[in-house]
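Chain residues, written in single-letter form:
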Amino acid sequence: MTEFEKRLLDGYQRGFPLTPRPYAGIAEELGVDEAEVIATLRRLAAEGVVSRVGAVFEPLSVSASTLAAMAVPDDRLAEVAELVNGFAEVNHNYQREHSFNLWFVIIAADEDGVARVIDDIEERTGLEVLDLPMLEGYHLDLGFPLQWN
Amino acid sequence: MELTSTDRALVAAIQNGLPLTPRPYADIGQCIGLGEEEVISALRRMLDGGIIKRLGIVVRHHELGYRANAMVVWDLPDDGIDEIGRRFSGFDFVTLCYRRPRRPPRWPYNLFCMVHGRERPAVLAQVDRLAQSCGVTDAPREVLFSTRRFKQRGPVYAPGPAIEAVS
Numbered sequence: 001m002t003e004f005e006k007r008l009l010d011g012y013q014r015g016f017p018l019t020p021r022p023y024a025g026i027a028e029e030l031g032v033d034e035a036e037v038i039a040t041l042r043r044l045a046a047e048g049v050v051s052r053v054g055a056v057f058e059p060l061s062v063s064a065s066t067l068a069a070m071a072v073p074d075d076r077l078a079e080v081a082e083l084v085n086g087f088a089e090v091n092h093n094y095q096r097e098h099s100f101n102l103w104f105v106i107i108a109a110d111e112d113g114v115a116r117v118i119d120d121i122e123e124r125t126g127l128e129v130l131d132l133p134m135l136e137g138y139h140l141d142l143g144f145p146l147q148w149n
Numbered sequence: 001m002e003l004t005s006t007d008r009a010l011v012a013a014i015q016n017g018l019p020l021t022p023r024p025y026a027d028i029g030q031c032i033g034l035g036e037e038e039v040i041s042a043l044r045r046m047l048d049g050g051i052i053k054r055l056g057i058v059v060r061h062h063e064l065g066y067r068a069n070a071m072v073v074w075d076l077p078d079d080g081i082d083e084i085g086r087r088f089s090g091f092d093f094v095t096l097c098y099r100r101p102r103r104p105p106r107w108p109y110n111l112f113c114m115v116h117g118r119e120r121p122a123v124l125a126q127v128d129r130l131a132q133s134c135g136v137t138d139a140p141r142e143v144l145f146s147t148r149r150f151k152q153r154g155p156v157y158a159p160g161p162a163i164e165a166v167s
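Those protein sequences? They're chains A and B, same order as listed. According to my numbering, the first sequence is numbered sequentially starting from 1. According to my numbering, the second sequence is numbered sequentially starting from 1.
Treat the hints as calculated values from the structure; they're not laboratory data. Do not take every clue at face value.
With a cut-off of at most 20 Å between alpha-carbon atoms, the simulated EDC-like pairs for lysine to aspartate or glutamate come out as follows [said to hold, decoys possible]:
| # | chain 1 | residue 1 | chain 2 | residue 2 |
| --- | --- | --- | --- | --- |
| 1 | B | LYS151 | A | GLU136 |
| 2 | B | LYS53 | B | ASP7 |
| 3 | B | LYS151 | A | ASP120 |
| 4 | B | LYS53 | A | GLU136 |
| 5 | B | LYS53 | A | GLU58 |
| 6 | B | LYS151 | A | GLU97 |
| 7 | B | LYS151 | A | GLU5 |
| 8 | A | LYS6 | B | ASP92 |
| 9 | A | LYS6 | B | ASP7 |
| 10 | B | LYS53 | B | ASP92 |
Label-pair ranges, simulated between beta-carbon atoms [claimed, not checked]:
| # | chain 1 | residue 1 | chain 2 | residue 2 | range |
| --- | --- | --- | --- | --- | --- |
| 11 | A | ASP33 | B | MET1 | 35 to 41 Å |
| 12 | B | GLN152 | A | ASP74 | 17 to 23 Å |
| 13 | A | ASP75 | B | ARG103 | 32 to 38 Å |
Just so it is clear, the structure is predicted and the values come from calculations on it, not from any experiment. For glycine and all other residues, C-beta sits at the position ideal for the given N, C-alpha and C.
Construct the complete structure from the given sequences, taking the supplied hints into account.
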């Protein structure tokens, strides 16, 4: 990471300019030109460091969602993970060290949509899906202060 | 705040990210029939109304060297859990903190927080700090490290055409 990249990632996880030329605004603050900001973000996106530049929505305000967990026998994990990934409604899917070893987030337009995905996964895998919807969110997502080594 | 149909179209249009072009709001507007100023004012309204939590760069921790990704789950008394949740959220290494339902007997935990760190021992020390900060060192808890990422992408909040973030 160059100093410029660090300042970009540290400084603009929130408060992205709501002006007609936001990348030019960032460029001015960081003392580079607009093209360099855009090119750098494109490269970091292509490398996977940056997921996107955009909005993080309060999930419940625009859709319904849940955190789901499954206890999948080891020899079926790859197969079940692939089946779960196949749903457009699934946007994170991780293996974790626990008897509940597969964890994923389901986001749909409404609660019925979430329930349909859960039912479908249970029916197709024969495994129970733990449905753990958010009841209360305590965290204001302000981005993440990065510690550079 | 209630979302208008215009807001919903905008949510769908930007859910994969803003275009990395000099006039991203104008480009988004063109795809859904809005002017640049309308896009900007709708986004500002959604930010002010709490629909948008933040607008900016969304990073992937793993790619930045944060390889220890822990979901920490706690079984806390329902009474007082809100205060603890708020206090946990004040630590900058906690990236998310939610209350969720217990599912007894298989799942007794009702508070979830995400802690990202470069190495596991550091993350475990941070979890200890959390417990001590609220006097809940005796509360049952588990730390679930992730071992494999099968899928990670920006959430799809709304059906509809999305504009590619990287053109």
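Going down the list of hints, with the structure as the test:
no., hint, verdict
1, B/LYS151 x A/GLU136, "violated (25 Å)"
2, B/LYS53 x B/ASP7, "holds (15 Å)"
3, B/LYS151 x A/ASP120, "holds (19 Å)"
4, B/LYS53 x A/GLU136, "holds (15 Å)"
5, B/LYS53 x A/GLU58, "holds (6 Å)"
6, B/LYS151 x A/GLU97, "holds (17 Å)"
7, B/LYS151 x A/GLU5, "violated (26 Å)"
8, A/LYS6 x B/ASP92, "holds (18 Å)"
9, A/LYS6 x B/ASP7, "violated (33 Å)"
10, B/LYS53 x B/ASP92, "holds (16 Å)"
11, A/ASP33 x B/MET1: 35 to 41 Å, "holds (37 Å)"
12, B/GLN152 x A/ASP74: 17 to 23 Å, "holds (22 Å)"
13, A/ASP75 x B/ARG103: 32 to 38 Å, "violated (25 Å)"
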